[in-house]
Amino acid sequence: MSEQSAPGADGSGRPSGRLLEVDGLRVEFRTRDGVAKVINGVTYHVDAGETLAVLGESGSGKSVTAQTIMGILDTPPGFVTGGQVRFHGKDMLKMSAEQRRRIRGEGIAMIFQDSLSALNPVFTVGFQIAEQFRIRRGLSRSDAKKRAIEMLDQVKIPNAKGRYSNYPHQFSGGMRQRAMIAMSLALDPEVLIADEPTTALDVTVQAQIMDLLGELQRERQMGMILITHDLGVVADVADRIAVMYAGRIVEEADVYDLYAKPAHPYTLGLLNSIPRMDEKGQELRTIKGLPPNLMNIPPGCAFNPRCPMAQPVCREKVPPLLQLGRGRASACHFAEELVNRD
Amino acid sequence: MTENIIEVRDLVKHYPVTRGVVFKKTIGHVKAVDGVSFDLKAGETLGVVGESGCGKSTLARVLMNLEKPTAGQVLYKGQDISKLSGGALRRLRRQIQLVMQDPYTSLNPRMTVGDLIGEPFEIHPEVAPRRSRRDKVKELLDLVGLNPEHINRYPHQFSGGQRQRIGIARALALRPEVIVCDEPVSALDVSIQAQVMNLLEKLQAEFGLSYVFIAHDLSVVRHLSDRVAVMYLGKMVEVGTEDEIYERPTHPYTQALLSAVPVPDPTVRESKAIIRLQGDVPSPVSPPSGCRFRTRCWKAQDVCAQEVPLLQIRPGSDHPSACHFAEKREIVATHEAA
Ligand SMILES: Nc1ncnc2c1ncn2[C@@H]1O[C@H](COP(=O)(O)OP(=O)(O)OP(=O)(O)O)[C@@H](O)[C@H]1O
Ligand SMILES: Nc1ncnc2c1ncn2[C@@H]1O[C@H](COP(=O)(O)OP(=O)(O)O)[C@@H](O)[C@H]1O
Ligand code: SF4
Ligand code: SF4
Ligand SMILES: [Mg+2]
Ligand SMILES: [Mg+2]
Numbered sequence: 001m002s003e004q005s006a007p008g009a010d011g012s013g014r015p016s017g018r019l020l021e022v023d024g025l026r027v028e029f030r031t032r033d034g035v036a037k038v039i040n041g042v043t044y045h046v047d048a049g050e051t052l053a054v055l056g057e058s059g060s061g062k063s064v065t066a067q068t069i070m071g072i073l074d075t076p077p078g079f080v081t082g083g084q085v086r087f088h089g090k091d092m093l094k095m096s097a098e099q100r101r102r103i104r105g106e107g108i109a110m111i112f113q114d115s116l117s118a119l120n121p122v123f124t125v126g127f128q129i130a131e132q133f134r135i136r137r138g139l140s141r142s143d144a145k146k147r148a149i150e151m152l153d154q155v156k157i158p159n160a161k162g163r164y165s166n167y168p169h170q171f172s173g174g175m176r177q178r179a180m181i182a183m184s185l186a187l188d189p190e191v192l193i194a195d196e197p198t199t200a201l202d203v204t205v206q207a208q209i210m211d212l213l214g215e216l217q218r219e220r221q222m223g224m225i226l227i228t229h230d231l232g233v234v235a236d237v238a239d240r241i242a243v244m245y246a247g248r249i250v251e252e253a254d255v256y257d258l259y260a261k262p263a264h265p266y267t268l269g270l271l272n273s274i275p276r277m278d279e280k281g282q283e284l285r286t287i288k289g290l291p292p293n294l295m296n297i298p299p300g301c302a303f304n305p306r307c308p309m310a311q312p313v314c315r316e317k318v319p320p321l322l323q324l325g326r327g328r329a330s331a332c333h334f335a336e337e338l339v340n341r342d
Numbered sequence: 001m002t003e004n005i006i007e008v009r010d011l012v013k014h015y016p017v018t019r020g021v022v023f024k025k026t027i028g029h030v031k032a033v034d035g036v037s038f039d040l041k042a043g044e045t046l047g048v049v050g051e052s053g054c055g056k057s058t059l060a061r062v063l064m065n066l067e068k069p070t071a072g073q074v075l076y077k078g079q080d081i082s083k084l085s086g087g088a089l090r091r092l093r094r095q096i097q098l099v100m101q102d103p104y105t106s107l108n109p110r111m112t113v114g115d116l117i118g119e120p121f122e123i124h125p126e127v128a129p130r131r132s133r134r135d136k137v138k139e140l141l142d143l144v145g146l147n148p149e150h151i152n153r154y155p156h157q158f159s160g161g162q163r164q165r166i167g168i169a170r171a172l173a174l175r176p177e178v179i180v181c182d183e184p185v186s187a188l189d190v191s192i193q194a195q196v197m198n199l200l201e202k203l204q205a206e207f208g209l210s211y212v213f214i215a216h217d218l219s220v221v222r223h224l225s226d227r228v229a230v231m232y233l234g235k236m237v238e239v240g241t242e243d244e245i246y247e248r249p250t251h252p253y254t255q256a257l258l259s260a261v262p263v264p265d266p267t268v269r270e271s272k273a274i275i276r277l278q279g280d281v282p283s284p285v286s287p288p289s290g291c292r293f294r295t296r297c298w299k300a301q302d303v304c305a306q307e308v309p310l311l312q313i314r315p316g317s318d319h320p321s322a323c324h325f326a327e328k329r330e331i332v333a334t335h336e337a338a
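Top line first, the protein sequences correspond to chains C and B.
What the first sequence shows, in UniProt numbering, is residues 1 to 342, in sequence order.
What the second sequence shows, in UniProt numbering, is residues 1 to 338, in sequence order.
Honestly, the hints are just simulated from the structure, not real lab data.
Be aware that one or more of the hints could be misleading.
To be verified - Below, computed lysine-lysine pairings styled on DSS-like, alpha-carbon distance capped at 30 Å: (1) C/Lys261 / C/Lys317; (2) C/Lys156 / C/Lys145; (3) B/Lys299 / C/Lys288; (4) B/Lys138 / C/Lys288; (5) C/Lys261 / B/Lys138; (6) C/Lys156 / B/Lys272; (7) C/Lys37 / C/Lys288; (8) C/Lys288 / B/Lys136; (9) C/Lys146 / C/Lys156; (10) B/Lys299 / C/Lys156.
Please build the complete structure, drawing on both the sequences and the hints.
Next comes the structure, spelled out in structure tokens:
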């Protein structure tokens, strides 16, 4: 059951440029210890040329959603139990393996946090990029190599030609991340999913990589889904933000609206918890307690045991993700009060 | 003037790089820490920031007397810690404690929380007689915000933030004067990180602790520190009060580092100073001659390759900086408090 459907989700009145829609997605992991309900009705979308940031703390389900989109969910133990993932209006979860394979790389590509394990250590970086051109585009060996060097050059790897025959371990962390970006963009995808692409990098290198991603995205008018837990990175690059908690989107908003006036107590709590560089603070305002155990999610609003605004209704009714206007949505029974306060 | 509790003088720690399995041959040295000096005053927090591999953890290990320095000294209340032995060394081991980054691997999974926190008492029985130990441990659990009833649980039954609290309780057991924190909140989510940072502040106020607070997150360091030291490739490049470093940085590396930190406020996107460094940090085995930052510095001149810039106060600036051309620059975008 989807809580909120995009306008004309049947494909007819779909806004042009809407590339990817996740709609009411549910995923669970069936393990020996029990069933963990990891994704509990996730709905978000990305349009051409925009950056959607999916923001959430570890375990909230950001990566599992991305893995489901890419069709690389670990099954078993992971199972999709509901919802759709539509690419150009067509539900990918109903497609054949062959159809999905064709979308991967050309339609939707993904980059990962850990570039060392994402690249194959026994092949040179250049070869791994060139292979895509050979296999997917049928280019000759020498043409594929030429295109691969162009790609390395585009992601600003110095001396791309010389670096072509280096192995992944010969690259620094930042360069490997560039190489992975080159590899994922080789087939010119319409959507790029970047799962914590800079979390393992130093801040000066992170800044370089985020600049590069932004530049490539604008040039190619890609839709980008940036998965991160970093409220600073999000403020720098996102157009829209979807905040995740315990496998649901609890708030969705334009980046400026979200930081100016969060419409969900969890978002507000997150914003209050970050130490700010430009404010030597006193005590930080924290969110009490811990995220829920996904094998035993609290009834009603999953955030209720930690929420300073919780009322009895919060323990009884799951708050639906409701539109508040201006592309804003919040899954809180008291969202209106929160946005309308001064 | 408050007393210095720790004085670090020209500290050097090199690790040999070897080749060969049977006949190990030294082919060079990793210059992990290469001439670092600073003071830690009683009751203050000195923040140490820098990027991966700049020598922060090495510094922590030498401060803890877990490794001997290659050269230079760490003085604890005027005494060279590497020269201590017997009773004096045992006293030192009580007075300086370490909290580590990884709450997942730094606790023995087979010990209960009670054993983990009580272990320091086994080594230093004079602090708590055997009969009173369980109560002491419960007190410590309560102090760091954990349920004293959970004394018989194992580390895996706790979350990351809770495990970090266990690590802190353990460090507090012997009532130390100094706690060296090596990335104590880096592995934690923001909402949990804030809880642990508040705890560290509360404990400092309560027990008059001095902290050496090592982290790569500049916002976290600013929040907790009175003074901040910036490291690059084994050297300290700038040191000053929290204000001097964040509001009036004079070293190009500090300026670049501050400018790279994303500000959690979308309205400053346009107004932020942007300095982007080229390339990566060079290898600490063969650091650049002269100023180590020169290969990435936009201000580098010939002199920078020839002369090592000393960490000192230069005209027009109010705090020590290791740059021949140190000068002020506005970096952090200001923003209205929410
Ligand atoms: N036991 C060792 N043997 C050889 N080299 C070492 C050893 N310990 C550290 N190094 C090297 O010394 C340098 C500094 O390491 P250190 O762990 O102090 O860095 P750091 O600043 O703590 O980095 P991070 O932010 O990644 O924790 C690095 O180049 C590291 O590889
Ligand atoms: N292969 C797996 N088997 C069992 N549980 C998993 C698996 N992958 C992820 N999970 C669980 O799913 C939840 C969401 O994980 P994930 O999407 O990786 O979170 P994040 O938001 O940090 O990316 C977590 O509780 C995680 O432990
Ligand atoms: S629904 Fe209730 S518990 Fe949930 S976030 Fe809103 S106020 Fe808090
Ligand atoms: S000494 Fe020279 S190279 Fe080093 S930071 Fe200053 S200007 Fe740059
Ligand atoms: Mg993840
Ligand atoms: Mg370290």
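Results of checking the hints against the structure:
1. Distance restraint check for C/Lys261 and C/Lys317: the Cα-Cα separation of roughly 24 Å lies within the 30 Å cut-off, and the hinted pair is therefore satisfied.
2. The suggested pairing of C/Lys156 with C/Lys145 holds, with an alpha-carbon distance near 17 Å, which does not exceed 30 Å.
3. Between B/Lys299 and C/Lys288, the direct Cα distance comes to roughly 47 Å. Violation of the 30 Å bound is thereby established for this hinted pair.
4. Taking the CA atoms of B/Lys138 and C/Lys288, the gap is near 21 Å; set against the 30 Å cutoff, the hint holds.
5. Taken as a hint, the C/Lys261 and B/Lys138 pair is broken in the structure, with Cα atoms around 42 Å apart against an allowance of 30 Å.
6. In summary, the hint linking C/Lys156 to B/Lys272 is supported, as the alpha carbons are separated by about 24 Å, within the 30 Å threshold.
7. With a C-alpha separation of about 23 Å, the suggested pair C/Lys37 and C/Lys288 falls inside the 30 Å cut-off, and the hint holds.
8. The suggested pairing of C/Lys288 with B/Lys136 holds, with an alpha-carbon distance near 26 Å, which does not exceed 30 Å.
9. Only pairs whose Cα atoms come within 30 Å are accepted, and C/Lys146 paired with C/Lys156 is accepted, the gap being roughly 15 Å.
10. For the hint linking B/Lys299 to C/Lys156, the alpha-carbon distance of about 22 Å falls within 30 Å, and the restraint holds.
Checked against the numbered hints listed earlier, the structure breaks hints 3, 5; every other hint is satisfied.
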